[in-house]
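Going by my numbering, the first residue of the sequence shown is number 432, and it counts up by one from there.
Check the hints yourself; a few may be wrong.
Unchecked claim - If you anchor each label on the Cβ, the simulated ranges turn out as follows:
| no. | residue 1 | residue 2 | range |
| --- | --- | --- | --- |
| 1 | V685 | K511 | 38 to 46 Å |
| 2 | M607 | D661 | 17 to 25 Å |
| 3 | P560 | P535 | 16 to 24 Å |
| 4 | W651 | Q507 | 23 to 31 Å |
| 5 | V508 | V685 | 44 to 52 Å |
| 6 | Q627 | P535 | 15 to 23 Å |
| 7 | A648 | P441 | 33 to 41 Å |
FYI, nobody ran anything at the bench for these hints, they're computed from the structure.
C-beta: ideal position from N, C-alpha, C; glycine also.
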Amino acid sequence: MFEFSPLITPVIFGFACAVTMLGGFVKGAVGFAMPLIMISGMGILIPPELVVAGIVIPIVISNGLQVARSGFGNAQVALKEHWRYVLVVCVMILISAQFVRSIPSNIMFMVLGVPVVALCCIQLIGWRPQIAPRWRRPFEWAAGALAGTLGGLAGTWGPPTVLYLLALNTPRTSQMSVQGVIYGLGSVMLLLGHLQSGILNAQTWVFSAALVLPALAGMWLGFRLGDRFDQERFRRVTLWVLIIAGVNLIRRGVMG
Numbered sequence: 432m433f434e435f436s437p438l439i440t441p442v443i444f445g446f447a448c449a450v451t452m453l454g455g456f457v458k459g460a461v462g463f464a465m466p467l468i469m470i471s472g473m474g475i476l477i478p479p480e481l482v483v484a485g486i487v488i489p490i491v492i493s494n495g496l497q498v499a500r501s502g503f504g505n506a507q508v509a510l511k512e513h514w515r516y517v518l519v520v521c522v523m524i525l526i527s528a529q530f531v532r533s534i535p536s537n538i539m540f541m542v543l544g545v546p547v548v549a550l551c552c553i554q555l556i557g558w559r560p561q562i563a564p565r566w567r568r569p570f571e572w573a574a575g576a577l578a579g580t581l582g583g584l585a586g587t588w589g590p591p592t593v594l595y596l597l598a599l600n601t602p603r604t605s606q607m608s609v610q611g612v613i614y615g616l617g618s619v620m621l622l623l624g625h626l627q628s629g630i631l632n633a634q635t636w637v638f639s640a641a642l643v644l645p646a647l648a649g650m651w652l653g654f655r656l657g658d659r660f661d662q663e664r665f666r667r668v669t670l671w672v673l674i675i676a677g678v679n680l681i682r683r684g685v686m687g
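Construct the complete structure from the given sequences, taking the supplied hints into account.
Here it is, written out as structure tokens:
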């Protein structure tokens, strides 16, 4: 079971499963942050390329479940309204994923850590952009390009998508459906992109697939227990933990 990569010992595999289960729990409880938790957590002990490979299949499966929960009819409506953003996110994920293997390890730690810290800080301070109707189309292309680039490099296009929807004043009742379709299609592009880049290969895909079970177990617990505590306080605590972990990744990138 532990022969899928010489870099993954039984102890490190157990650590990766624990981080993934925590990420799944948070996603099930408050609907976000699984990739951020997996990246910032696993990056403590696991090389960046293997971290990126490890998140791919759990992201695909969990986002597929999110689309199914929100309903495929709602997904079609969301796709019709936000097709420009979805298109550029998917294209940029495919493109940027091809550069992961050419980035040195210390730079890759920065690539993983800086978006985690920046996006969590933005959510903590509650900043939301305001876009006039006449600027909506250019904003869709620009925001999609940013989200897709981050998605391909670090697997984190969720927080930029939330900011995009807030900027367009998307009704809260519609946000989950829109996020579901964007996350679902984006995760498929991430899978295809890293199959092409070689990040997901004969060894690493087994590691990624092995993390699906703890991800789903964590989501199940999150669905069941999420209503038993103050979600806003839990969200803020999660963001602070992610910032600390992200700063540690940046430290490793700076110090080498």
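Structure-based check of each hint:
no.: 1; hint: V685 x K511: 38 to 46 Å; verdict: holds (45 Å)
no.: 2; hint: M607 x D661: 17 to 25 Å; verdict: holds (20 Å)
no.: 3; hint: P560 x P535: 16 to 24 Å; verdict: violated (33 Å)
no.: 4; hint: W651 x Q507: 23 to 31 Å; verdict: holds (27 Å)
no.: 5; hint: V508 x V685: 44 to 52 Å; verdict: holds (45 Å)
no.: 6; hint: Q627 x P535: 15 to 23 Å; verdict: holds (21 Å)
no.: 7; hint: A648 x P441: 33 to 41 Å; verdict: violated (19 Å)
In the structure shown, a violation is registered for the earlier hints numbered 3, 7, in ascending order.
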